[in-house]
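Engineer: The primary structure of each chain is shown beneath.
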Amino acid sequence: EAQVTQNPRYLITVTGKKLTVTCSQNMNHEYMSWYRQDPGLGLRQIYYSMNVEVTDKGDVPEGYKVSRKEKRNFPLILESPSPNQTSLYFCASSSPAGRTEAFFGQGTRLTVV
Amino acid sequence: KNEVEQSPQNLTAQEGEFITINCSYSVGISALHWLQQHPGGGIVSLFMLSSGKKKHGRLIATINIQEKHSSLHITASHPRDSAVYICAAHFGNEKLTFGTGTRLTIIP
Numbered sequence: 001e002a003q004v005t006q007n008p009r010y011l012i013t014v015t016g017k018k019l020t021v022t023c024s025q026n027m028n029h030e031y032m033s034w035y036r037q038d039p040g041l042g043l044r045q046i047y048y049s050m051n052v053e054v055t056d057k058g059d060v061p062e063g064y065k066v067s068r069k070e071k072r073n074f075p076l077i078l079e080s081p082s083p084n085q086t087s088l089y090f091c092a093s094s095s096p097a098g099r100t101e102a103f104f105g106q107g108t109r110l111t112v113v
Numbered sequence: 001k002n003e004v005e006q007s008p009q010n011l012t013a014q015e016g017e018f019i020t021i022n023c024s025y026s027v028g029i030s031a032l033h034w035l036q037q038h039p040g041g042g043i044v045s046l047f048m049l050s051s052g053k054k055k056h057g058r059l060i061a062t063i064n065i066q067e068k069h070s071s072l073h074i075t076a077s078h079p080r081d082s083a084v085y086i087c088a089a090h091f092g093n094e095k096l097t098f099g100t101g102t103r104l105t106i107i108p
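Residue numbers (my numbering), protein chains in the order written: chain A, 1 to 113; chain B, 1 to 108.
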């Protein structure tokens with residue numbers, strides 16, 4: 001079954017404690033991306049990747065890092081999380097960007113206290 | 001500036017009604033997505049359009065490139081169509097910009 005898998009689904013952490021949210025897709029998609037969703041602000045793009053070793057900033061990249069060492073994985077790293085990063089996060093993939101429908105992960109609800 | 005606007009923000013209708021949700025964007029795009037988000041939070045892609053019209057079951061999406069406008073239509077609406085519908089546009093540089101969503105409620 002074609003899918004994008006995010007882990008964990010829920011995470012509560014403390015300010016400053018590094019964390020990684022994983023994202024994996026099994027469709028051999030070139031394009032992967034991370035978004036955050038906040039009430040009143042909607043979905044905003046954090047980072048995207050056009051292919052292995054190619055990443056670029058979205059609209060809200062501050063405080064986040066990503067890497068794309070393999071085509072299937074695109075982890076989101078928060079080196080020093082802060083409360084303003086409390087949000088609902090989604091990973092998505094498509095092949096290639098804007099040419100096919102996008103597949104979204106189930107979402108990760110992150111709370112930073 | 002790359003902007004995407006949706007209307008209406010909220011829409012309540014009776015079961016069976018024909019639904020239209022609108023999306024307009026500020027400059028030329030390479031593609032536009034229509035997404036559906038149910039109360040549980042998961043997001044499903046309904047359509048990806050670069051021109052013309054697409055249809056899946058009771059859902060129809062159209063795009064007018066000259067007018068920078070897209071519409072999502074739902075025929076014979078049903079309570080299970082209740083969700084938030086989001087349009088999102090690729091402004092040519094592979095970044096994706098989202099509208100703020102339309103919350104649709106279908107009353108039995």
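To be clear, the hints were calculated from the coordinates, so they are not data collected in a lab.
Yeah, the Cβ is synthetic: ideal placement off N, Cα and C, and Gly gets one too.
Worth double-checking, as some hints may not be accurate.
[What the hints assert, rightly or not] If we take Cβ atoms under 8 Å as the criterion, some of the chain A residues that face chain B in the derived model are:
1) 45
2) 48
3) 50
4) 52
5) 61
6) 106
Engineer: Confirm or reject each hint.
Structural biologist: Hint by hint, here is what the structure shows:
1. 45: 5 Å, holds
2. 48: 6 Å, holds
3. 50: At 6 Å from the nearest chain B Cβ, residue 50 (chain A) passes the 8 Å test, so the hint holds.
4. 52: 15 Å, violated
5. 61: 11 Å, violated
6. 106: Given a least distance of 6 Å, the restraint on residue 106 (chain A) holds.
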